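2 protein chains.
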Amino acid sequence: MTCLLMRAAERAQLAMMLEVCAFPKPGNVDRCHDYPETCMEHFLASTIFARPALEEAERGEGRLGEIIHHAVQQTNCHKGGNTHFGAFILLIPLVYGGSIEGAMKAIERTDTSDAVAFYRAFGLTKVRTYSEDELDVNDPKSLAELRDREMTLLDVMQHSAANDMVAREWVTGFPLTRRGADLLRQFGNGRQAIVQMFVTLLSQEPDTFIAKKHGIIVAQETMRRAREVLEGRETLENFDQDCIDRDINPGSIADITIAAIFVALGEGWEWDS
Amino acid sequence: MTCLLMRAAERAQLAMMLEVCAFPKPGNVDRCHDYPETCMEHFLASTIFARPALEEAERGEGRLGEIIHHAVQQTNCHKGGNTHFGAFILLIPLVYGGSIEGAMKAIERTDTSDAVAFYRAFGLTKVRTYSEDELDVNDPKSLAELRDREMTLLDVMQHSAANDMVAREWVTGFPLTRRGADLLRQFGNGRQAIVQMFVTLLSQEPDTFIAKKHGIIVAQETMRRAREVLEGRETLENFDQDCIDRDINPGSIADITIAAIFVALGEGWEWDS
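In the order they appear, the protein sequences are chains W and S. Just so we're aligned, residue 1 is where the first sequence starts under this note's numbering, counting upward by one. Just so we're aligned, residue 1 is where the second sequence starts under this note's numbering, counting upward by one.
Worth flagging that the hints you see were computed from the coordinates, not collected in a lab. Computed from a predicted model, the values in this text were never measured in an experiment. Keep in mind that the hints are not guaranteed to be accurate.
Where chains are identical, the list cannot tell them apart; a pair therefore holds if satisfied intra-copy or between any two copies.
Using 25 Å as the maximum straight-line C-alpha spacing, the simulated SDA-like pairs for lysine to any residue come out as follows [to be verified]: (1) K79 <-> P206; (2) K141 <-> S99; (3) K213 <-> E66; (4) K79 <-> R185; (5) K126 <-> R246; (6) K141 <-> E58.
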């Protein structure tokens with residue numbers, strides 16, 4: 001199949017597309033469900049518009065922080081707001097390095113300029129942060145602080161790792177991305193494996209996006225509900241509807257799902273077999 | 001809005017994405033409906049994979065026939081079969097020329113090499129042709145015939161125009177593409193205008209893809225049904241289900257819809273306002 005020769009940038013776009021289309025994905029945008037302000041087409045438009053930044057990463061030129069900044073800039077060209085900030089944090093080093101190993105090497109080489117570029121990218125989004133966060137991205141003093149402390153982008157991720165599972169992937173070597181890719185291969189070829197993998201991750205790890213928005217109790221309850229679905233004690237449809245009704249969207253596990261699809265596609269998993 | 005600065009290649013990809021997502025589109029693949037062999041994700045994968053050919057067209061380098069060939073090659077990288085052959089016939093000259101006027105100038109400059117490249121592209125698809133077609137694309141003699149008769153790609157389209165509304169756009173100056181773009185602006189900003197435009201075109205013109213597959217009577221009956229929907233005498237949902245049950249898919253009007261969205265986006269119509 002020609003797809004094994006697929007470019008890394010295209011593979012990343014395919015991963016972004018397949019993740020948003022997969023349905024039913026409890027609480028998240030999918031073929032059957034939009035958010036009031038952000039619809040599936042916004043996610044797909046971002047998938048298209050991110051191409052130049054993903055190609056930059058593919059060439060392995062430039063710096064990670066700057067490329068993440070470019071990806072966020074390029075995908076700001078619609079009214080759906082931030083769609084893929086967390087996904088880019090994972091995808092850009094993966095595309096840059098070509099694999100989890102390569103991504104880790106690239107991550108180790110980040111410096112303060114990456115941290116500054118990243119905070120500028122963060123400033124373009126409306127991503128939720130802790131109010132008690134020491135380095136508030138909306139505070140201009142934060143950039144000076146980063147420089148004073150000589151923090152690299154890896155240091156920034158270390159700083160966020162306790163409360164953000166996407167940042168934690170950088171610090172710990174992409175273990176959930178790895179687990180997601182393994183689950184896809186375990187569930188077998190075909191797009192239906194994506195929902196199975198998503199619900200499995202959701203049953204195993206509290207989603208930190210949910211935790212930031214609703215608190216850790218709700219994140220843990222969502223885990224428990226996902227387990228009930230896997231054990232056949234609850235339907236996926238009921239779980240989805242309940243998440244939608246309560247505005248619970250597992251955004252961080254969606255980001256990790258995209259990274260996992262990217263890795264699995266590179267290892268021969270086929271979405272349309 | 002930054003989107004007015006959107007590159008033509010991206011605008012074409014956006015048009016392809018918006019068309020396939022629009023729902024409910026009677027008989028065609030959309031967010032709520034896949035074909036047995038071809039799902040929405042295949043259309044979206046083609047949207048991603050066509051980027052290099054669309055960029056080639058955007059640069060205005062090379063020849064139309066060859067670029068259409070490249071677009072078909074690049075989108076063969078999945079198991080969903082042909083998704084956008086007709087759309088590329090319209091989009092490639094539109095992207096190349098930047099507008100309908102520009103496309104017509106590019107079309108007039110096609111020669112026999114374009115015709116040969118186009119027939120090679122056709123050979124990669126499984127697009128339905130008339131059995132009585134003089135120039136069977138599966139017959140190697142056709143290419144020799146093209147050269148002997150010194151047919152340009154415009155001549156080939158002229159040859160097909162009577163029975164193929166996409167080819168007819170080349171010969172007649174994109175009148176349905178123009179009408180579709182005008183309808184979008186008339187219906188106003190927002191993705192819901194796409195379905196309104198699609199059903200309106202369907203009510204006004206017999207779809208030649210339906211005619212090739214089921215005969216002109218069925219194509220005319222589909223027109224009549226679309227009119228009933230517009231007049232409120234039938235629901236869009238019933239019409240859609242009936243088309244699906246009878247395997248009636250208005251593929252040519254879908255191609256023209258993509259071209260119309262491309263033109264409208266370039267004229268300031270906004271899909272997400």
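Against the structure, the hints come out as follows:
{"no.": "1", "hint": "K79 <-> P206", "verdict": "neither (29 Å within a copy, 36 Å between copies)"}
{"no.": "2", "hint": "K141 <-> S99", "verdict": "neither (35 Å within a copy, 48 Å between copies)"}
{"no.": "3", "hint": "K213 <-> E66", "verdict": "neither (28 Å within a copy, 52 Å between copies)"}
{"no.": "4", "hint": "K79 <-> R185", "verdict": "between (36 Å within a copy, 19 Å between copies)"}
{"no.": "5", "hint": "K126 <-> R246", "verdict": "within (21 Å within a copy, 47 Å between copies)"}
{"no.": "6", "hint": "K141 <-> E58", "verdict": "neither (33 Å within a copy, 43 Å between copies)"}
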